[in-house]
Amino acid sequence: MASFPTNPRRFAPLLLTLILGACTPAAAPAPEPVPPAAAPPAPSPAPSADWRDWPLTPGTWRYIAGTPISEARYGTPQAAQFVVRCDAGKRQVTLMRAGSTTELTVMASTRSARFPAGHIDDRGAAMSGVVLNANDGFLDVMAFSRGRIAVTAPGLPGIALPAWAEPARAIEDCRK
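Residues 23 to 198 in this note's numbering are what the sequence shown lists, from first letter to last.
Don't read these hints as lab results, they were simulated from the structure. Since this is a predicted model, take the numbers as computed values, not measurements. Don't take each hint at face value.
Dumping the calculated SDA-like pairs for lysine to any residue here, alpha-carbon to alpha-carbon at most 20 Å [what the hints assert, rightly or not]:
1. Lys112 x Asp162
2. Lys112 x Val152
3. Lys112 x Thr132
The whole structure should be built from the sequences, with the hints applied where relevant.
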C-alpha cells in the first residue's frame, strides 16, 4: 500500500493556489463581436455592347397554330415581347415588338436588318411591327440564327431571345 505523506508543508503552495483560485471572481464574458457593416451591393454591370452577351429577356416561346393565322409568341402568357405572325392567306410574316417605335433592328448570328415599323394592335397591346413577304431571305437568317436573336428599337430597351424552333415553325406555315 502506498503511504500518504504526512508533512502538510509540502502541499502548502498547492493548497494555497487552489484556495486562491476558488476565491477569485469569474471573468466577465467577452463582448460579442460586432458584425461588419454589410457592403453596399455592387452596381449592375452596364449592358454589353455585343448583343450576343445580353442576358435573355425573361419569358419563353409559344407556338399557336391556326388557319390562316399562326404565330410564335415570346414573353409571358400575359404580355408578349416579340411575335412572329404568319398570315398564310396573304403569305406574309409580321414581326412585332412590344411598345411603340418607328424602326426595328433584328440581329441574328449571321446578319442584321433594319426595318421601318408601324403601329399594330395585338390583342389590345400596342406593338410596333413590320410586314415581310413569306419568302424574304431575312426570315431564314432569323430562323437559323445560332443561340439567339436580338431586337432593338429607338426608345425601347433591347431584347434578346433564344433561337428556338417556334419562330421557324410560324415562318414555314406561310410557305406551304
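Results for each hint:
1. Straight-line distance between C-alpha atoms of Lys112 and Asp162 comes to about 18 Å, which keeps the hinted pair within the 20 Å bound.
2. Proximity of Lys112 to Val152 is assessed by CA-CA distance (about 14 Å); at most 20 Å being required, the pair is judged to hold.
3. Annotation: proposed proximity of Lys112 to Thr132 is violated, straight-line Cα distance about 28 Å (limit 20 Å).
Checked against the numbered hints given earlier, this structure breaks only hint 3.
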